[in-house]
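For this one, chain A is given, so just place chain B on it according to the hints.
Chains A and B supply the protein sequences, listed in that same order.
Per the working numbering, residue 1315 is the first one in the first sequence, and the count goes up by one each step.
Per the working numbering, residue 110 is the first one in the second sequence, and the count goes up by one each step.
Treat the hints with care, since some could be wrong.
As the list claims (entries may be wrong) - Listed below are the simulated EDC-like cross-link pairs for lysine to aspartate or glutamate, each with C-alpha atoms no more than 16 Å apart in a straight line:
hint, chain 1, residue 1, chain 2, residue 2
1, B, Lys147, A, Glu1420
2, B, Lys112, A, Asp1373
3, B, Lys147, A, Glu1415
4, A, Lys1371, B, Asp207
5, A, Lys1323, B, Glu153
Keep in mind that the hints were calculated from the coordinates and are not lab data.
Since this is a predicted model, take the numbers as computed values, not measurements.
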Amino acid sequence: DGGITQSPKYLFRKEGQNVTLSCEQNLNHDAMYWYRQDPGQGLRLIYYSQIVNDFQKGDIAEGYSVSREKKESFPLTVTSAQKNPTAFYLCASKATVNTGELFFGEGSRLTVL
Amino acid sequence: AQKVTQAQTEISVVEKEDVTLDCVYETRDTTYYLFWYKQPPSGELVFLIRRNSFDEQNEISGRYSWNFQKSTSSFNFTITASQVVDSAVYFCALSAIDMNTGFQKLVFGTGTRLLVSP
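Bound-form chain A, shown alone (with noise of 0.2 Å):
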């Protein structure tokens, strides 16, 4: 089936350590997007990219850095840059850039200790 998978679901990192969420999508969609979801404070925008080897900085995207290597892969890195990195991640994704919605994975949970 077509989707979005992000892995893992849940983890768990020491502080000061560097960690990479992985998205796939298998959908052939052109845009990729990564948000953070923090409690009573709804979805902000850490990064995204319309194309491979292509992304830009979305609202809060200081202590994140991202890749496009591949259509189908957005990997997030949540460096030990990042003051609060404990939250719940979700990749999305969509068919073209500027119109459509977003299509979402699962989401991963990070607890940083």
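Structure of chain B alone, referenced to chain A:
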């Protein structure tokens, strides 16, 4: 700047009651899209509806209906005869053009948690 306000943090109803979730938006764009998503406990956001800013007709899909009013910048969502399975967090979202890149992104409200009890 674009903004979406969902003033209702949490709503509790008893099964079979009707419930309306409010969404108010701000944008200077003349063309935009509005969305509703449902987030069940599993975490994945499920797309419910997309509405073009030029189409103010209300829409009904089964027990769900949406009321779009440009005059009040609102896009409210009503569930008729609510069921326990409707319990979830519901997000309203607005398309926004990134001024730096020219590409569309979605701006989300803070969500409304709906609890439907038997």
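Verification of the supplied hints:
Between the alpha carbons of Lys147 of chain B and Glu1420 of chain A the distance comes to roughly 12 Å, so the proposed pair stays at or under 16 Å and holds. Restraint check: the Cα-Cα separation between Lys112 of chain B and Asp1373 of chain A comes to about 13 Å, which is no more than 16 Å; the hinted pair holds. Among the hinted pairs, Lys147 of chain B with Glu1415 of chain A is consistent with the structure: their alpha-carbon atoms are about 13 Å apart, no more than 16 Å. At roughly 10 Å between alpha-carbon atoms, Lys1371 of chain A and Asp207 of chain B fall within 16 Å of each other, so this suggested pair holds.
Note on Lys1323 of chain A and Glu153 of chain B: the hinted pairing holds, with a Cα-Cα distance of about 11 Å set against a maximum of 16 Å.
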